[in-house]
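Protein chains: 6
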Amino acid sequence: MPHQPISHLKEGVLVQQYFLVRQVEGRTDKSGNPYLSLVLGDKSGAMVARVWSKVLAKCPGPFAPADHVGVQAQVESYKGELQLNIQYINTVEALRALGKDLKEYDPELLYQTTPYDRQALWEELWQLAESQIQPPLGQLVLNLLDRYREEFLVCPAALRYHHPYLGGLLEHTWFVARHALASLSIYPDLNRDLVLAGAILHDLGKVKELANPPAPERTVPGHLLGHIVLGWDMVRAAAQALDFSDPTLLLQLEHIILSHHGSMEFGSPILPKTREALLVNFLDDLDAKLKMMSQHLEGDTGEGDFTSYHRVLQRDLYKGSPAAAAHDREPDRDPEH
Amino acid sequence: MPHQPISHLKEGVLVQQYFLVRQVEGRTDKSGNPYLSLVLGDKSGAMVARVWSKVLAKCPGPFAPADHVGVQAQVESYKGELQLNIQYINTVEALRALGKDLKEYDPELLYQTTPYDRQALWEELWQLAESQIQPPLGQLVLNLLDRYREEFLVCPAALRYHHPYLGGLLEHTWFVARHALASLSIYPDLNRDLVLAGAILHDLGKVKELANPPAPERTVPGHLLGHIVLGWDMVRAAAQALDFSDPTLLLQLEHIILSHHGSMEFGSPILPKTREALLVNFLDDLDAKLKMMSQHLEGDTGEGDFTSYHRVLQRDLYKGSPAAAAHDREPDRDPEH
Amino acid sequence: MPHQPISHLKEGVLVQQYFLVRQVEGRTDKSGNPYLSLVLGDKSGAMVARVWSKVLAKCPGPFAPADHVGVQAQVESYKGELQLNIQYINTVEALRALGKDLKEYDPELLYQTTPYDRQALWEELWQLAESQIQPPLGQLVLNLLDRYREEFLVCPAALRYHHPYLGGLLEHTWFVARHALASLSIYPDLNRDLVLAGAILHDLGKVKELANPPAPERTVPGHLLGHIVLGWDMVRAAAQALDFSDPTLLLQLEHIILSHHGSMEFGSPILPKTREALLVNFLDDLDAKLKMMSQHLEGDTGEGDFTSYHRVLQRDLYKGSPAAAAHDREPDRDPEH
Amino acid sequence: MPHQPISHLKEGVLVQQYFLVRQVEGRTDKSGNPYLSLVLGDKSGAMVARVWSKVLAKCPGPFAPADHVGVQAQVESYKGELQLNIQYINTVEALRALGKDLKEYDPELLYQTTPYDRQALWEELWQLAESQIQPPLGQLVLNLLDRYREEFLVCPAALRYHHPYLGGLLEHTWFVARHALASLSIYPDLNRDLVLAGAILHDLGKVKELANPPAPERTVPGHLLGHIVLGWDMVRAAAQALDFSDPTLLLQLEHIILSHHGSMEFGSPILPKTREALLVNFLDDLDAKLKMMSQHLEGDTGEGDFTSYHRVLQRDLYKGSPAAAAHDREPDRDPEH
Amino acid sequence: MPHQPISHLKEGVLVQQYFLVRQVEGRTDKSGNPYLSLVLGDKSGAMVARVWSKVLAKCPGPFAPADHVGVQAQVESYKGELQLNIQYINTVEALRALGKDLKEYDPELLYQTTPYDRQALWEELWQLAESQIQPPLGQLVLNLLDRYREEFLVCPAALRYHHPYLGGLLEHTWFVARHALASLSIYPDLNRDLVLAGAILHDLGKVKELANPPAPERTVPGHLLGHIVLGWDMVRAAAQALDFSDPTLLLQLEHIILSHHGSMEFGSPILPKTREALLVNFLDDLDAKLKMMSQHLEGDTGEGDFTSYHRVLQRDLYKGSPAAAAHDREPDRDPEH
Amino acid sequence: MPHQPISHLKEGVLVQQYFLVRQVEGRTDKSGNPYLSLVLGDKSGAMVARVWSKVLAKCPGPFAPADHVGVQAQVESYKGELQLNIQYINTVEALRALGKDLKEYDPELLYQTTPYDRQALWEELWQLAESQIQPPLGQLVLNLLDRYREEFLVCPAALRYHHPYLGGLLEHTWFVARHALASLSIYPDLNRDLVLAGAILHDLGKVKELANPPAPERTVPGHLLGHIVLGWDMVRAAAQALDFSDPTLLLQLEHIILSHHGSMEFGSPILPKTREALLVNFLDDLDAKLKMMSQHLEGDTGEGDFTSYHRVLQRDLYKGSPAAAAHDREPDRDPEH
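Residue numbers (our numbering), protein chains in the order written: chain Y, 1 to 337; chain V, 1 to 337; chain G, 1 to 337; chain L, 1 to 337; chain W, 1 to 337; chain D, 1 to 337.
Treat the hints as calculated values from the structure; they're not laboratory data.
Everything numeric in this text was worked out from a predicted model, so none of it was measured.
Check before you lean on any hint, since a few could be wrong.
Note: identical chains are not told apart, hence a pair may lie in one copy or across any two.
[Stated by the list, open to error] Restricting the straight-line Cα-Cα distance to at most 30 Å, the calculated cross-link-like pairs of lysine-lysine (BS3-like) are:
| # | residue 1 | residue 2 |
| --- | --- | --- |
| 1 | LYS43 | LYS100 |
| 2 | LYS54 | LYS10 |
| 3 | LYS208 | LYS319 |
The task is simple: from the sequences and hints, build the whole structure.
Structure follows, in structure tokens:
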């Protein structure tokens with residue numbers, strides 16, 4: 001039986017397939033018996049699931065966020081919302097240990113990810129850095145991309161507000177970097193290498209701020225130091241290891257990273273004091289806000305011409321754009337051709 | 001004697017040439033005699049000038065801002081700053097009426113203007129609109145460009161903060177429009193026509209907000225209504241005259257114009273509620289700030305690595321950018337090639 | 001059986017009467033059967049109502065906000081709140097088509113409206129404009145009142161915060177206009193015509209910002225442009241049609257309308273730059289805030305000396321005012337006598 | 001020789017008359033000799049004056065702010081501004097002691113004062129309190145007016161921003177109180193006694209915050225405590241002395257005084273929580289701002305349609321109001337007729 | 001049966017003991033029968049309790065906040081949270097009147113109080129004032145401590161945010177006063193008497209702002225005037241009664257009290273203008289914020305390294321401090337040894 | 001002739017002594033001849049000095065900020081302010097090269113420095129770190145103090161606002177560290193090592209942010225990165241070099257340094273999330289503000305009870321404190337005795 005996306009499940013259906021555990025909470029029912037309230041997810045969304053006391057007795061787990069689980073469950077309606085009444089649940093690891101057949105198990109189906117081909121994005125980003133940035137900045141950027149390749153391919157761009165999914169950081173960086181290249185054609189007197197290196201590295205610290213990409217959470221250094229200074233430190237350390245030859249140039253790249261939030265109340269300890277830093281700040285902010293808008297528009301299920309209020313953007317959005325009709329979900333991957 | 005740019009004048013020199021009157025103030029000297037304190041300008045800058053009592057008796061004027069004047073004067077130093085001690089002054093009109101030879105008179109030398117060829121910019125902007133924007137928005141944009149062509153060619157983009165010179169509005173619009181085109185290659189799912197029309201028309205109201213381009217000042221409607229609503233009204237009126245066929249599309253263009261300052265505290269009565277409006281808002285703000293930075297860097301004459309404090313940007317700027325070395329003062333006019 | 005106000009309904013009662021549909025939502029019960037959750041309203045308030053699956057089968061509707069419906073229902077208590085368990089429901093149109101007797105049907109009973117006699121308010125406002133404002137402003141005001149009479153009689157003053165009911169805009173305008181007249185006796189050197197015209201027209205744009213007065217919602221232009229510029233445009237268009245004779249005077253009236261929110265962060269694209277604009281700004285804000293206070297005080301059902309926190313006013317209010325005792329609910333309609 | 005108003009003095013004139021000393025500063029001239037730089041004032045304005053070393057030797061003073069002085073001086077121009085070169089100066093007290101004839105001395109000519117007849121305003125204010133406010137609040141208001149009558153007649157309403165002259169507090173209070181009476185006709189359900197008592201007493205603390213009315217300065221308690229709590233304390237003390245019979249009513253009056261600045265960032269320790277307090281807050285703020293506008297418009301000597309920027313109001317003002325033409329400087333003193 | 005702390009109660013247990021009534025609300029069950037929903041508290045916490053219809057019939061109360069009640073109840077689980085299903089409830093007064101044995105009744109067990117020995121704190125505070133503050137301020141402080149001793153021993157420091165329990169004000173004052181003494185050793189040139197008097201008296205007005213300490217609520221004067229001016233008035237009145245000998249010194253103490261919130265937007269009508277006032281402002285704010293942090297850390301039951309978001313502090317807190325391990329719950333009462 | 005402090009110089013005096021060059025500016029006099037306008041300073045203050053054209057011919061310099069110069073000059077008065085008319089000037093280096101007798105030259109007299117004995121402060125700070133902080137934090141602090149000892153002894157705490165003189169950073173750190181020790185006696189449950197290490201290291205980055213201590217200026221890294229992240233990096237690097245054994249403890253120290261400005265708008269990229277970080281933030285801010293107040297009070301030369309307005313503190317200050325009388329200029333160096 002092929003995987004049925006969570007967003008397509010209907011009341012009354014019996015499902016037998018794999019999910020990603022997103023949240024786990026132990027509770028007690030009215031008779032005082034323990035049960036589990038889970039949130040299970042796949043690529044298409046998430047749904048509440050209950051492992052009632054009796055089932056729990058034979059499927060005791062334990063279960064933790066980011067586990068992959070095989071599940072047999074009934075889709076039920078409770079207070080007007082669908083949920084899974086679980087009849088059997090076990091982790092993929094345990095199933096494998098039990099010698100079960102896992103041929104239907106495809107982890108790719110379980111994660112929310114960027115709609116783009118991450119491998120392709122990565123290669124384009126690498127090529128952009130390789131072909132467009134002169135040494136010594138080019139060497140530094142490639143060194144860092146190489147060192148953090150694995151993290152970059154999975155890290156989200158943020159916990160919640162924009163690109164909060166596998167590969168989100170890569171997607172965001174790819175947009176900002178390509179946009180920077182396009183902007184340089186309009187403002188050719190800016191320092192090309194600085195702009196492109198800054199665009200690619202501005203959010204590098206995210207890979208240390210956020211952990212556990214499939215069910216992302218902030219790390220302790222992420223909480224106590226923040227991604228801005230973490231990223232700065234990573235660049236500084238790499239430059240030191242490479243004996244970076246131009247300290248003034250390096251200082252300007254460091255400045256771009258520290259100032260990329262654009263104002264102190266948004267967490268940059270310093271304001272952009274070069275045009276290169278200002279451009280990276282704007283392109284980063286713009287891509288994040290455009291994505292927040294897209295996500296809010298796509299997630300909107302209401303009927304009116306306007307979405308519900310977006311708490312971060314502090315406004316509702318207009319849905320009736322004629323662009324929506326022409327909207328090409330497969331984005332143009334090479335803006336130069 | 002060819003025109004000597006104000007920025008090149010040195011103490012002790014005698015000049016005999018034409019200037020633009022920027023400010024006029026009547027004063028009284030220590031003996032109670034009236035004299036004039038003027039600010040005279042040319043393409044390269046401005047300088048204080050005095051018409052002392054005795055000279056005033058034979059060159060009584062009157063003189064008003066925006067007058068073109070023929071002047072004979074000594075360059076002197078007063079409290080460490082250069083100024084012109086005027087020995088003769090008269091308006092070009094009066095000189096012409098007196099039958100004087102005006103062959104050295106070239107008004108183009110007197111104005112601060114965009115460093116770009118305005119006619120060429122205009123044609124590119126027109127072509128961009130013509131080739132890239134579909135009807136009915138394309139038709140509307142061309143109609144408005146045609147109607148306000150003359151104003152567009154001279155209007156500054158602002159009184160003081162950015163592009164405050166002849167053709168400044170055109171230069172600013174040309175940058176924002178070309179940048180919008182470049183951005184659309186990165187965000188191809190935005191409505192192309194709306195973005196480009198919004199980019200070209202966003203500051204149209206400036207031509208009614210500002211008057212007297214060579215020595216610009218705010219008009220009464222500019223003061224009491226502001227360029228945002230003035231521009232909106234101009235677009236609305238033109239659309240009505242053209243029987244614009246798609247009211248929803250028009251509404252979105254109107255929204256871009258009203259919301260292009262991005263937040264209410266900066267004078268937009270409404271926040272950007274579409275991605276198209278957000279993009280135009282960012283590209284406008286970015287171009288204005290990059291220009292403020294460039295102007296402040298170019299105007300800086302100090303010796304340190306940082307400029308003086310910029311009151312609007314609320315920061316000092318770093319001058320030591322390696323980009324400065326590679327800075328190509330003749331900007332690339334066609335980013336697509 | 002006469003209409004029983006919703007605010008007087010008690011548990012266990014059977015009602016058979018007419019209501020206004022305010023909200024409609026389709027849901028599914030625990031067995032997966034569809035039912036409707038409605039909010040029904042009348043002049044006195046609103047109550048949740050359920051059309052369970054079985055009833056829905058015979059009364060399928062459809063039902064939409066602003067429908068008038070004939071209902072037979074039982075008043076029940078659910079989680080401590082009363083709600084209507086509907087046994088029969090149909091729209092008045094359908095009932096009429098079915099030849100039912102509608103003699104108990106009185107639409108006036110179904111709407112929340114201003115407590116004042118709207119017709120009387122209208123006539124007083126008209127007379128104030130006619131008797132107190134000289135031409136050409138008087139003519140312009142009467143022209144606009146005449147053109148938008150129908151909308152003015154029903155439009156609320158706001159969606160939620162103050163006067164959010166039929167005739168709210170008229171009531172608010174009537175207070176602001178009469179207060180302006182009273183203030184002119186204290187500040188007689190203000191331009192009387194401008195103040196009165198501004199007071200009457202300041203919120204005119206509301207009639208285009210808000211639609212469907214009985215169950216008001218913001219229109220698309222209301223969302224994308226806002227009532228401030230919509231109202232300005234209406235005044236400008238009317239003046240143009242009338243060949244308004246004094247452009248400077250008109251400009252000042254336009255300024256009052258655009259600046260009447262008093263500051264840019266509240267959505268005025270321009271600050272009040274005349275004393276007339278400042279006065280209209282204050283009287284508008286004062287009436288809105290006094291009304292918010294009155295509404296919050298009247299809606300408070302708690303026992304203490306202070307109301308609950310008012311989110312917009314950002315404070316709780318004192319209820320123990322001795323004025324409450326003397327409070328004359330039938331307001332003085334003619335402040336001059 | 002009759003007094004020549006400072007605002008009418010012209011270069012070259014010799015004056016022999018009385019002035020008010022506003023500021024005194026001892027300085028040293030280029031040769032190291034001491035001289036005095038004074039600011040002398042009269043009803044019409046103020047002018048810088050110098051007592052050069054030689055004159056100082058024979059007219060040693062001392063001189064202090066608020067002194068009345070007899071002066072003989074030449075009006076001269078220095079850097080384009082007029083100033084008095086003093087040939088003789090002495091205080092009125094000293095002149096009197098020397099037996100000089102002081103028949104031209106009229107202190108009324110020396111002060112900037114309210115343009116209204118202070119005695120008449122006082123009587124109207126008293127009558128308003130007497131006829132319109134019921135006991136016990138009426139009694140309390142009259143008691144306080146009586147106790148502080150003398151201060152009220154001279155105290156300015158502020159050091160600088162509005163009504164900064166003799167009788168300014170009385171003028172401001174008289175406007176606010178009469179406006180409150182007018183507003184009560186529009187909002188008759190407000191507590192009349194509270195509104196009127198609050199309107200009259202809201203700024204009472206100014207008489208303790210400001211000292212030396214002709215050349216006003218802030219007192220130490222004014223600096224360290226502020227007029228809001230000083231006024232509250234005065235009302236509280238008077239009520240205690242009168243055994244005020246209604247503590248709840250008194251509390252609400254106290255609340256009006258403490259909250260009359262309308263928000264905490266403007267120095268009210270509490271927000272207005274009654275409609276009466278809100279009304280007094282608005283009428284106070286409105287009168288202050290209208291006066292600031294009038295003062296700025298009257299003081300403007302420029303030629304354009306707009307004044308210079310007003311630092312407190314944060315805007316320039318439009319001067320071209322047709323109201324200016326009809327402006328009746330002698331304000332209507334009885335708004336009821 | 002000894003008192004079982006609420007925080008230790010487990011599902012299924014039958015309790016028979018005394019509680020403090022914190023909240024009372026009358027409700028109706030699904031059959032329309034009235035029942036009571038209470039919040040009962042003791043020293044360790046609070047729990048929801050229901051008096052269902054049948055029990056209510058025999059235990060009709062009435063019950064009010066701050067009542068002490070004897071209760072027999074079953075601990076049940078409802079939606080995963082524990083609550084008390086009450087089988088019998090009566091007030092201690094009624095039980096006493098009925099001649100019941102109350103020997104298990106110990107009111108001290110029912111209140112949330114400071115973890116410190118209030119009597120000991122009080123004596124230390126008294127001694128600090130007596131030994132460290134010279135007359136006349138010392139005398140004034142002792143006079144006020146003596147007069148408000150009873151209130152000080154019970155009053156919380158705030159309704160909710162910090163030290164919201166019996167003796168909270170005393171605990172907070174004791175910390176601020178001792179910290180002030182310690183700070184004076186670092187800044188010995190500050191006026192010792194003023195700092196200590198200000199530290200002890202800064203929040204004195206709380207005893208009039210808050211009433212009913214066991215279940216604290218804001219009084220009407222607390223709402224309409226606020227504790228800052230109430231406290232100032234209390235100090236002023238006491239000083240007057242004592243014929244305080246040094247008015248300038250008194251004024252500075254008054255200034256400390258009025259300015260102790262440090263900025264106008266936090267409710268001080270005046271900013272700290274002396275170093276003594278600044279120090280008291282900082283020590284007060286610091287103690288409140290450290291306590292908010294401690295309370296939030298102690299109340300946190302989650303598993304991660306960070307607490308939930310604290311709405312007032314606008315951040316989450318780090319829990320993993322090694323200090324936690326060394327945390328000595330019995331605080332050092334004498335910092336000098 | 002012993003050094004005469006600048007603050008004691010009087011008009012007419014001839015001085016022959018040494019000064020520190022603070023600023024140098026080349027200018028042109030009215031005849032077009034070059035002259036130098038200098039600011040010369042010593043321990044007591046600064047004064048403008050002119051090297052007119054003729055003197056410049058024989059004393060051509062060059063002179064640069066931070067030079068020590070031997071000077072012969074006349075004290076003159078110009079526009080009421082004293083200035084030095086220089087008759088001879090040369091650098092100490094040049095004088096030494098010329099074999100001049102420099103026995104009166106004492107560089108200690110030329111600098112504005114902390115009023116404390118820097119060597120003694122340093123030793124106390126070292127002892128505090130050594131005796132009070134346990135390993136591993138103690139070891140880290142001592143390592144950093146040792147490494148940056150030289151810079152610490154001269155660096156100011158800020159360019160302008162507080163402690164802007166030699167040793168200012170040391171003085172500020174010494175106050176904050178001792179205050180932290182005192183505060184720990186009040187809040188003994190805080191982590192003692194973290195608080196003390198944070199107090200000592202919080203501003204360490206200043207030694208890289210500021211250069212040229214006698215005439216301090218911001219370095220390029222200071223401008224582009226800021227002292228907060230520079231200091232964090234220094235601590236991180238030192239810990240790495242020492243193989244710091246407790247990464248969680250280190251992270252908390254890093255957090256204290258990054259968050260010590262207390263809010264993002266003041267440049268901390270992260271808010272204090274531990275009580276230790278909050279305490280260091282408060283003690284740092286308090287010491288800076290108390291010093292700003294002291295400096296402003298000491299610098300005030302006016303006569304009233306209040307100083308002029310302090311632009312950073314946004315208030316005037318009260319001067320009449322009785323503490324001023326008791327003010328002991330020689331501060332207590334050992335608060336424990």
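Verification of the hints:
no., hint, result
1, LYS43 / LYS100, "within (23 Å within a copy, 54 Å between copies)"
2, LYS54 / LYS10, "both (24 Å within a copy, 22 Å between copies)"
3, LYS208 / LYS319, "between (36 Å within a copy, 20 Å between copies)"
In terms of the numbered hints stated before, the structure departs from none.
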